[in-house]
Amino acid sequence: MSLETIQIEHVPATHRVHVALFRDVSNADFLQSQLLARNADFEYAFIDASSVASRLQLLSAVYRALTNLIDGTLQTNNVHSEVVISLSPSNNIAEAYRRWGITLGKTKDIVVAKIIYPPSLPSPSEDSTAPAPTLPTTEDIWAHLSENVKGTPVPLSDEQISKSTDWPKLRKYYALNGLPVLAKITDEAAKVKEMERLIIMRMALRGL
Amino acid sequence: MATHAPPVEFALPQVLTYPASTPPFLVAQGAEGRLYKTTHITSSRPCALKYRPSKSYRHPILDARLTKARIQAEAKVLDRCCREGVPVPAVYALDAGGGWLMMEWVDGVPVRQGINVWLGERPEDDAVPDAEVADETPLVDLMNRIGEAVGALHRTGVIHGDLTTSNMMLRPWAGGQSNGVSGEDGEKKKAVGGDVILIDFGLATQSVADEDRAVDLYVLERAFASTHPRAERLFTHVLEAYKQAYKKAPSVIHKLEDVRMRGRKKSMLG
Ligand SMILES: Nc1ncnc2c1ncn2[C@@H]1O[C@H](COP(=O)(O)OP(=O)(O)O)[C@@H](O)[C@H]1O
Ligand SMILES: [Mg+2]
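Line by line, the protein sequences are chains A and B. Under UniProt numbering, the residues of the first sequence are numbered 1 to 208, in order. Under UniProt numbering, the residues of the second sequence are numbered 1 to 270, in order.
These are computed hints drawn from the structure, not numbers from a lab. Worth double-checking, as some hints may not be accurate.
Straight line, CA to CA, 27 Å or less: simulated DSS-like cross-link-like pairs of lysine-lysine [to be verified]:
(1) A:108 with A:172
(2) A:191 with B:76
(3) A:169 with B:76
(4) B:247 with B:266
(5) B:55 with B:37
(6) A:184 with A:163
(7) A:108 with A:193
(8) B:188 with B:76
(9) A:163 with A:108
(10) A:184 with A:172
(11) A:184 with A:150
(12) B:243 with A:193
(13) A:184 with B:247
(14) A:163 with A:150
(15) A:184 with A:169
(16) A:184 with A:108
(17) B:76 with B:247
(18) A:163 with A:191
(19) A:184 with B:76
(20) A:169 with A:106
(21) A:172 with B:76
(22) B:37 with A:193
(23) B:55 with B:76
(24) A:150 with A:106
(25) B:243 with A:184
(26) A:184 with B:248
(27) A:172 with A:106
In isolation and in its complexed conformation, chain B is listed as follows (with noise of 0.2 Å):
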């Protein structure tokens, strides 16, 4: 999850030893891996790298095996979403033994950074509707796009796992889209602005099952009502967005009731 320098140096993985023209920049380190920023081929052409170093408290002949099988499926998963048209990033190159993936690079911020940036630093209850607050297209309509991106990947019989705005990048649009709105307003229109594009496939799995997909729209709406509670009412734009992309959509929102109250009842337990 942190995106800050790391306080210790990590040993690169032994791709990332050879010489490149920049050289690598660690972008991200979370539990299972990181990622790094780094090229393929060219100097002109920017890669992601996920690396997931070995793990030592694990059995070194398991854990080989549970590093190469999760590089696989993540690379089938980015396979299959972009022949679909499913906006994933495409990957480059795989060493599933040497523990990385090599992806197309996505320019922008996750969409977590993009929404806050918009909603600024209000108080949250703030009730006095403001400028802002009165027009929240740029918003909502940035919630449509994500619903989309959902129904798109639920259509190709995709559960992604574990979504999450951080787990989607807004990549920016060619030449910005503030049109002509200068200044602050401007500024916050062009941080939800862009193509939502989906990234970390790390625990994805093919399901047609609605249930699975249910669980994965409670995830990211749970998620997102944690991350981003002044925006959580801007929630039913995404499923509705989701059921615009996806035929089968309805059955999988009652679904969602179903989960959402088994979600509420085990909360009440404790």
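If we strip away everything but chain A, and leave its shape as in the complex, we get (with noise of 0.2 Å):
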């Protein structure tokens, strides 16, 4: 199963973490359409790969949106939604699903994030013989993604998410062109590194 179930530091022991990635989708434009439509079954965080720059840029999007949800800060409909867009340094909502969610027409590799949580519990008014509703396994989440992502899964690895990156894309939507840190640096794995660093600063910035 290429389904991961992830340990973030800081996240209550009630909620679990999933990420995939699919390399070569070929129904992006049906996913993204599930998602226009509300469709419940269909809770995910899309991501397009090529906005991605590192596993840890993604995971601090995901544990932002986590905050959100414990907080009682979403921005937007969802913790799923709100992955996509804290990946964004901007408030602009509507950009960073153009952005950083499904292109029609466009995207290929996508990275897949599932939040698990319970339910808010009842209000005392309701039923409260009523059962518990069951959670989702990790094997029930995998079994629909295969089913219903055409591509290929491959590890959600610094290596295999770098295949997909877009980098002058990148540089642009989180402003890094001309900046004076990276001048001065020479090696390029080094420069990469900085650059995942000032795009997950400017990530936990957003809104301010």
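Assembling the complex is the task here: the two chains are given apart, and the hints tell you how they should meet.
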């Protein structure tokens, strides 16, 4: 199974995070249409892998979305869309979806994030004898994903992600062009590390 | 300021009550907040979490607004510095409403501690120039690196607001650089080695006024003289390196003369 379960530091034990990476997805448009139709079976963050720099960057966005979920400060409808906008350095939500979400006819490789958490407790007025809804298992999620995402699952490693990353695009999105700190670095790998550092910082500062 | 264990157990901020691979470690507790060592995202990524608890003596709404604004301001300054290449920790995450800011963990010790190790226990009025005094190069080099860091900071239009040798870290160089010198001398040399990283931007502001920069330098000069009286005469190296790093330094140093003068007058008046 290529669905990874991730333990992120400082996330309540009640919350579970899964991630996956699919290459050469042939039905990206279909997936996007399911999101637009708010199909409840498709509660995922679908992210265009070409807009992702690293695993750490992705998980930082997941962590931010979880923080907002727990604080009750989500800026979008749900935690999955919040993951997508948490990758953005700006408050423009439509633009964030355009840049980090699926683009019709363009998106090839897709990063998926899925967050599972117990629904909020029923209010006392509701029938307290009703059984607590059972949360989907990792197997359930993988079964649904592998059936609906038509692509090749690969591990969500930095090496795999880097094959999809469109750096010129990211440099523009995170305003990294012409930065003094980057001009000083000659080693390519060190430069990528520094860009990741600045990207995560810009994400953390979104809205300030 | 105190870095020893506090006498009372503080209630952890909410964020640190959730599971992590290692328990949070209280590093420092100041008037404005607490500094914990913990982890960001993975167990292998240490971070510093700065937490500003709410102050019960302040009006709750005002307090929440102040805390939020300060955390946001500190994060913005760190972002600006990182992008300009000023040596400061990167911001990892923040929750201004929750009163916390997570940033890159800087290895090493505060500059204050490094300098004190170098100076050792010799009495202040030791007039005999011994071998260590004869070769002060490692300490002078450190002064230069401090001046360089402050010059880079001022070049970007940021005023630190609380420049002291406690608000700078000495991040050890990879592999250490005591270069074959072993024993006590090697240890001392190592104590003042490392990259200077500026921290604690809680009082930082953005300004391009020479006056503000001069006050920043003056605060450092005074703090240096009172923390390290035996190394006070080496402070001129900080200013020398500052001049090298920052081309508008001459007019700032000129202003510094005025600021010193005012400082003296004030202390004479008591
Ligand atoms: N990013 C960091 N990495 C490692 N240690 C840190 C970091 N930030 C602060 N510290 C340690 O915590 C102490 C207090 O942090 P500081 O930001 O100076 O807060 P305060 O306002 O309490 O002085 C510092 O003197 C330093 O020893
Ligand atoms: Mg401090």
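Verification of the supplied hints:
For the hint pairing residue 108 of chain A with residue 172 of chain A, the CA-to-CA distance comes to about 20 Å; that is within 27 Å, so the pair holds. Note on residue 191 of chain A and residue 76 of chain B: the hinted pairing holds, with a Cα-Cα distance of about 22 Å set against a maximum of 27 Å. Using a Cα cut-off of 27 Å, the hinted pair residue 169 of chain A and residue 76 of chain B holds, with the two alpha carbons roughly 24 Å apart. Of the pairs offered as hints, the one joining residue 247 of chain B and residue 266 of chain B is violated, with about 31 Å between alpha carbons and a cut-off of 27 Å exceeded.
With a C-alpha separation of about 22 Å, the suggested pair residue 55 of chain B and residue 37 of chain B falls inside the 27 Å cut-off, and the hint holds. Restraint check: the Cα-Cα separation between residue 184 of chain A and residue 163 of chain A comes to about 25 Å, which is no more than 27 Å; the hinted pair holds. Between residue 108 of chain A and residue 193 of chain A, the direct Cα distance comes to roughly 25 Å. Compliance with the 27 Å bound is thereby established for this hinted pair. Straight-line distance between C-alpha atoms of residue 188 of chain B and residue 76 of chain B comes to about 36 Å, which puts the hinted pair past the 27 Å bound.
The hinted pair formed by residue 163 of chain A and residue 108 of chain A meets the criterion: a straight-line CA distance of about 12 Å does not exceed 27 Å. A distance of roughly 19 Å separates the Cα atoms of residue 184 of chain A and residue 172 of chain A; the hinted pair therefore holds under the 27 Å criterion. This hinted pair does not check out: residue 184 of chain A and residue 150 of chain A have alpha carbons roughly 43 Å apart, beyond 27 Å. Proximity of residue 243 of chain B to residue 193 of chain A is assessed by CA-CA distance (about 31 Å); at most 27 Å being required, the pair is judged violated.
For the hint pairing residue 184 of chain A with residue 247 of chain B, the CA-to-CA distance comes to about 18 Å; that is within 27 Å, so the pair holds. For a cut-off of 27 Å, the pair hint linking residue 163 of chain A to residue 150 of chain A stands: about 19 Å separates their Cα positions. With a CA separation close to 21 Å, the supplied pair residue 184 of chain A and residue 169 of chain A stays within the 27 Å bound. Distance hint between residue 184 of chain A and residue 108 of chain A is unfulfilled; the C-alpha atoms sit about 34 Å from each other, more than 27 Å.
For the hint pairing residue 76 of chain B with residue 247 of chain B, the CA-to-CA distance comes to about 25 Å; that is within 27 Å, so the pair holds. Simply put, residue 163 of chain A and residue 191 of chain A have alpha-carbon atoms about 17 Å apart, close enough for the 27 Å limit, and the pair holds. Among the hinted pairs, residue 184 of chain A with residue 76 of chain B is consistent with the structure: their alpha-carbon atoms are about 22 Å apart, no more than 27 Å. The suggested pairing of residue 169 of chain A with residue 106 of chain A holds, with an alpha-carbon distance near 14 Å, which does not exceed 27 Å.
At most 27 Å may separate the alpha-carbon atoms for a hinted pair to count; residue 172 of chain A and residue 76 of chain B meet this at roughly 20 Å. Proposed proximity of residue 37 of chain B and residue 193 of chain A is supported: the alpha carbons are some 22 Å apart, at most 27 Å. Restraint check for residue 55 of chain B and residue 76 of chain B: the C-alpha separation of about 23 Å stays at or below 27 Å, so the hint holds. With a C-alpha separation of about 15 Å, the suggested pair residue 150 of chain A and residue 106 of chain A falls inside the 27 Å cut-off, and the hint holds.
For the hint linking residue 243 of chain B to residue 184 of chain A, the alpha-carbon distance of about 20 Å falls within 27 Å, and the restraint holds. For the hint pairing residue 184 of chain A with residue 248 of chain B, the CA-to-CA distance comes to about 21 Å; that is within 27 Å, so the pair holds. Note on residue 172 of chain A and residue 106 of chain A: the hinted pairing holds, with a Cα-Cα distance of about 18 Å set against a maximum of 27 Å.
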